[in-house]
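Starting from the known structure of chain F, fit chain P onto it as the hints suggest.
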Amino acid sequence: MAAMALFQATRLVHLSPVDVVIIAFYFALVLAIGFYLKSRANTSEDFFMAGREMTAWVAGLSFLSANLGALELMGWAGSAYQYGILATHWYWIGAIPAMLFLALIMMPFYYISKTHSVPGYLKLRFGESSRALSAISFAFMTVLMSGVNMFAMAKVMQIVLGWDINFSIWVSSLTVAVYVALGGLRSAIFNEVLQFFLIWAGALLIPILGLYETGGWGNLKVLITQRASAQYVHLWSGLGSFTTNPMGIHWTGIVFGLGAIISMGYWTTDFLVVQRVLTAKDLRSAEIAPIIGAGFKMLVPFIVILPGLLGLAVLPVKLTAESAVTAGGHSYNDVLPLMLARYCGPGLLGLGITALIAGFMSGMAGNVSAFTTVWTYDIYRALIKKDAPDHHYVNMGRWTTVIGVLISVGTAYLVMQFASIMDYVQALFSFFIAPLFGTVILGMLWKRATGPAGFWGLLCGTLSSISMWAWVKVDPSALRYVALSPNAKALAQDMYQALWSFLVCVTVTVAVSFATKPKSAAELTGLVYGLTEVPSVGDLPLYKKPIFWAAVVIVVLVILNVLLW
Amino acid sequence: MHGSGISIWFFIGLSLLVNGVLIAGAGIWEWAHPPLNPVVLFHLHANLWWGVVLAAFGALYCYKFVPGRES
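In the order they appear, the protein sequences are chains F and P. Under this note's numbering, the first residue of the first sequence is numbered 407, with each subsequent residue one higher. Under this note's numbering, the first residue of the second sequence is numbered 968, with each subsequent residue one higher.
Isolated chain F, as found in the complex:
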């Protein structure tokens, strides 16, 4: 009876016994992996950096999976329903160039400097104050994001399956705490790769069956044009004006805000994803890993955007914004579970739900493992206890994992009490990404950038981003200045906010650099382009060179964009 009380009457889908067995098997497997990997997490290098022994494939798939959480899947499928194929930009121009830039330009510096984290690189390049600023803000935001993920998962499980929110929060958080505390980053990475396969296995049938039902891509475009508008199936042709596309964005926002700043900031400086690549066993693997990730990233719209578009074409109900959902109605974010329920019978439904749960838990584990590393290396060891033996830091890592999960649970309950906190936390996280990219990229490519300049550029860029966001909150008409158009939607505002805060960061960094004393060339060796000899990946045949595969990915990206223009 107690177990039955966990389930409520209203739910989107109904699980059969075989679905429950599939979900239970997933939990058993991830716990087994955690217990198995405990014996391989004895040193700090093992626990925090997975022994730096990952192959390019494992690091690459983990790098991609860290960003392929269930919030991503459901949110972008919902965005595809709401905005049409424009949502694909976040997977293509909004990811691929940045991933390749990380692989070919930035990875050598991260790898050669043997840093454990992005704040660690800032310490080497700009000094302790920059590291402290970025480490504290990152640690704070990461653990909050983990809680937001946890609450989002519990909410989705309540809506989709009728599960009690407390049950979802505690089962998922305890599972994550156990397997990350036992196996460290290696355990998180194993589960991210497992999640990658589960997501493809669980979601791939939706576009296949959807295209079968609609009669192929050509017929799907006709159906969408009838139900929405022709602009829902064009990537670029409606971006010449703010008013001729469903998102209210101009192509400059997509190219410069998203492609050049936000995605560069996220994929090259967000430690959550960069940490995965730092575990690669050698420089060539570290360079090729993001390229493997980029190759698969190009395919993700097939299982995320296409289901959203198919939902627009075939679902008998009209989905609405979360705020406008009426009794018995559904929001945009429900499109993926609705499509899952439409095509997937017993077993398949369990696998699809398992993929969503795996996505949420990997998201939590990724945040918690990144938090643990930054806390232990960049805050605890740097500012509190400098010279402890190695096992002390490993123990600190295990306890920090548990404490990080508990703080996340607290955040999840806080979000439950004040729903708007979720929006604030997500917005806050984005404040740090664009300025951080400005600081790191100037640090890597411009030897004149000085320590104080790095700190003040990062601080001013972040404060400018927060100020713009607060300005629009207080006075919505300010959108015409921040996002260049009163028609801009939230995503468009994010793009321009990132662009301006990046420019503020760069301007302040350059100005302060010219007013302060530069570091000597000897101090910058191994940290800055032009003063660092990047080791060759070796005398390899062309098809084994990272640059060759990066070129292949770019060519395919261009072809796809032209085909869907």
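In short, the hints are calculated from the structure, not lab data. The reader is advised that the hints may include incorrect statements.
Here are the computed lysine-lysine pairs in the BS3-like style, where the Cα-Cα straight-line distance is at most 25 Å [what the hints assert, rightly or not]:
| no. | chain 1 | residue 1 | chain 2 | residue 2 |
| --- | --- | --- | --- | --- |
| 1 | F | K724 | F | K895 |
| 2 | F | K687 | P | K1031 |
| 3 | P | K1031 | F | K950 |
| 4 | F | K895 | F | K520 |
For chain P alone, kept in the frame of chain F given last:
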């Protein structure tokens, strides 16, 4: 990630194999006992053939990366 303990790919294979067998089994059961409210495109029996595909991939990975076998 193999050669020193159990390979990650073995865990992936195990997951696909078990899930594939369960899904294919559910597909066979549904074929024999059609539900009152079937999913859209039920006549394609997607769970049966998709389960077989997953189980085949999983079995291949398990065989190739089983502990103790160098690949």
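Structure-based check of each hint:
1. A hinted pair counts as satisfied when its Cα atoms are at most 25 Å apart, and K724(F) with K895(F) qualifies at roughly 20 Å.
2. At roughly 22 Å between alpha-carbon atoms, K687(F) and K1031(P) fall within 25 Å of each other, so this suggested pair holds.
3. Distance restraint check for K1031(P) and K950(F): the Cα-Cα separation of roughly 23 Å lies within the 25 Å cut-off, and the hinted pair is therefore satisfied.
4. Straight-line distance between C-alpha atoms of K895(F) and K520(F) comes to about 41 Å, which puts the hinted pair past the 25 Å bound.
This entry does not satisfy hint 4, going by the numbered hints stated previously; all others are met.
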